[in-house]
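**Student:** Read off the chains here:
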Amino acid sequence: MKRSTHRILTTHVGSLPRPDDLMALYAANASDEKLQPRLRAAVGDIVRQQAESGIDVVNDGEYGKAMRSSMDFGAWWSYVYPRLAGYELSEEQAKKGRGAWTFGSKERKEFAEFYADEASAAASAARQSGSSTAQLYGLTCTGPVKYVGHVAIKRDTENLAAAVRITRAEDTFMTAVSPATLQILPNVYYKSAEDYTWALAEAIREEYHAIVDAGFILQIDDPALVDIYDWWFSMNDDIAGYRKWAAFQVQALNHALEGIPEDRVRFHICWGSWHGPHKGDVELKDVVDLLLKVMAQGYSVEAGNVRHEHEWKIWQNTKLPDGKLVIPGVVSHATNVLEHPELVADRIVRFAKVVGRENVIASTDCGLGGRVHPQIAWAKLGALAEGARLATKQLWA
Amino acid sequence: MKRSDQRIITTHVGSLSRPSELLTLNAARSSGTADVTAYDKGLAAAVTEVVMKQHEVGIDIANDGEFGKPMSAAYDYGAWWNYAFERLEGFASPESIPETEHKKSSVADLSLTTFARRRDWQQFSEFYHDPTSGLAGSAPARRQRRPVCVGPVRYKGHAQTKADIDHLKTALAQAGIEEGFMTSVAPASFARGEDLHYKTEEDFVAAAADAIRDEYKAIIDAGLVLQIDDPSLPDNWDMIYPEPSLEEFKKFSRVRIEALNYALRGLPEDRIRYHICWGSWHGPHTTDIPLADIIDLVLAVRAQAYSVEAANVRHEHEWRVWQETKLPEGKIVVPGVVSHATNVVEHPRLVADRIIRFAKIVGRENVIASTDCGLGGRIHPQIAWAKLAALAEGAKLASHELWQ
Chain A
2 MKRSTHRILT THVGSLPRPD DLMALYAANA SDEKLQPRLR AAVGDIVRQQ AESGIDVVND
62 GEYGKAMRSS MDFGAWWSYV YPRLAGYELS EEQAKKGRGA WTFGSKERKE FAEFYADEAS
122 AAASAARQSG SSTAQLYGLT CTGPVKYVGH VAIKRDTENL AAAVRITRAE DTFMTAVSPA
182 TLQILPNVYY KSAEDYTWAL AEAIREEYHA IVDAGFILQI DDPALVDIYD WWFSMNDDIA
242 GYRKWAAFQV QALNHALEGI PEDRVRFHIC WGSWHGPHKG DVELKDVVDL LLKVMAQGYS
302 VEAGNVRHEH EWKIWQNTKL PDGKLVIPGV VSHATNVLEH PELVADRIVR FAKVVGRENV
362 IASTDCGLGG RVHPQIAWAK LGALAEGARL ATKQLWA
Chain B
105 MKRSDQRIIT THVGSLSRPS ELLTLNAARS SGTADVTAYD KGLAAAVTEV VMKQHEVGID
165 IANDGEFGKP MSAAYDYGAW WNYAFERLEG FASPESIPET EHKKSSVADL SLTTFARRRD
225 WQQFSEFYHD PTSGLAGSAP ARRQRRPVCV GPVRYKGHAQ TKADIDHLKT ALAQAGIEEG
285 FMTSVAPASF ARGEDLHYKT EEDFVAAAAD AIRDEYKAII DAGLVLQIDD PSLPDNWDMI
345 YPEPSLEEFK KFSRVRIEAL NYALRGLPED RIRYHICWGS WHGPHTTDIP LADIIDLVLA
405 VRAQAYSVEA ANVRHEHEWR VWQETKLPEG KIVVPGVVSH ATNVVEHPRL VADRIIRFAK
465 IVGRENVIAS TDCGLGGRIH PQIAWAKLAA LAEGAKLASH ELWQ
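Line by line, the protein sequences are chains A and B. Start counting the first sequence at 2; every next residue gets the next number (our numbering). Start counting the second sequence at 105; every next residue gets the next number (our numbering).
Bear in mind the hints are in silico, worked out from the structure with no lab data behind them. Being a predicted model, the structure only gives us computed values, none of them experimental. Take the hints with a grain of salt, since some may be wrong.
[Stated by the list, open to error] Taking lysine-lysine pairs in the DSSO-like style, the calculated list, with each CA pair at most 30 Å apart, reads:
(1) A:LYS286 <-> B:LYS464
(2) A:LYS325 <-> A:LYS294
(3) A:LYS107 <-> B:LYS464
Using the sequences and the accompanying hints, generate a full structural model.
**Tutor:** This is the structure we're talking about:
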């Protein structure tokens, strides 16, 4: 994986705004034959757009992951269910909506009125557009989990490979979801939560291998690793219970990553990208040691929003192991306001001074697609690139 | 005015979330169906409650939440200046008046443009016109024209302002809070719509200054700290199309600062704080003028304290301006350390880091921790209060470190 040897390199977390006609094809459940030509062209465009915006490590914008409307926070994980056998829709579970997953959240209790407002807004948006996350409500594991997405992942890797043959980039990555995220959906088949997670790890590793075999950097998206503290453990302030849970998730993920060279993997955590208060987020300091156990070379962590910005200081006390990279978020989806490039530079320089300039790749907090308006998303990538140039000037002066 | 002698004290910019009962009363009042006594009683009770709540959450210098400035919907970005038109003679609603060009300034070769032609709006027009862009109650829903000046501007809001003052003072006494503040709009921040009466823009602003002075005096005479709300100083920059030269813009702005100082003449500087921000709508703000370009104008205002946005991602880096520009002796900076621009609640540690950054430059006794802008009407009430709590908690952490 490329690092910032001569200048600060830039990347982003994955999701980018989709063209309207691509979303329309997904919304209409277009056949693969109908979808693929448009998808191939769109991936070519999005790779070129990233290069033009000054992004060094590019991806396919997650275009192969179905998104049906311009505001959609869930495509990064909903994409995988058509690729996994073993799930059925339970009407009973579906009625609980998101509440089936967030039952132990202190934040959702403290901010109940806000979340009720948000839920009503989100529900009306979902009715209009069929939001991706809403499609997961009620999905339950009722049989052996098996990866069946070979055709889809082959299509995605081929589309991206074709695009980067035309538009050269420093490096190319593709995202895939973590076992910890997958195990959020309820299970009635496996005897224990651990068996369930382990089976998910064994299934999803096929996708991981397909991405690495195609020559791309594999980015594991694992918001659940930190999210789940608030969702399941915060009501009782149960950090110990949470850490036990998280340690097992890391083990299962490492099992899935076996045989993949560490320097082809980057690991992304974030505390969920919804526009909420995030007061219940677990602190990075409480989980950073587990994060570093993941067999990856790069660690992508939110650091561009007001709940987690101060956590750059953690790297003063936690040594980043030799050869590893931090990929901090220096622009964020959590505000419509455009980061000033000087602020972006300040944030990058702060990290570079702690872990070494060659060990920092500047990035976003989370995917921008579906979370802010497309015009703002692109402006933020522009600010990111400009800030990285300013930081480079200071750091290589 | 109180300062951070022994610890970092806290305040906020003014607007707080209106309770739903008050929104209902305001709606009745604006439709003319309100019982005057019931309205006054309801308002007084709401002010008492909001002052108590500020006290409980750890805000040292409190206000009435701007509850006397009517807001009739939960999301409303304009009450801070719209209130003034009820208290002034000389303005008419734009509905019945055909649109005219803004008059050219007689001191600078430029004039203000309409909302829709703001440069940030042109650059991000798809975003600004997208109803799902998260601009609740903001840009697209916002009125496109300001009230038009059709006759001599005169102040007639004495009774309303007195009522606001009485409500606040009663509430402060009950909560045991020593210092309260009340906001009032700067001349240039309300005299910036179309004007059919005065000969020049400058005459218009000067007349506005003469009129609004009555409100300033009333607030100060009542023993409250007067906060002048003047987003227009930075915000006018984006309202000039095409982008003017900085020199022309400063000529244009200097007249407005002079008008404000004229309105403030003879009033005690140590009872006045001056607030600027770049507009509170949830947009990209790419065409905001840098603070460094206008800091001399800000400091020219006859106030003791300067309240400036510093907590949102467009302006956070500008704490460095105070390294270059010396804060004059005896003055106070009131930086925003929590912001309405994101639903995410600031971590108290981040708040403390921001406060300490300012304190190290201008001196701890010269910093009062605040918000970027009013929180009421701009984010959900539960989030607004959580942000004020984060502000207080961050100030405690900062005090602990700065006075150890």
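**Student:** All the hints need checking, so say for each whether the structure fits it.
**Tutor:** Hints versus structure:
1. A:LYS286 <-> B:LYS464: Since the Cα atoms of LYS286 of chain A and LYS464 of chain B sit roughly 26 Å apart, the hinted pair holds (cutoff 30 Å).
2. A:LYS325 <-> A:LYS294: 12 Å, holds
3. A:LYS107 <-> B:LYS464: Violated, at about 36 Å.
When each numbered hint is compared with the structure, a violation occurs for hint 3 only.
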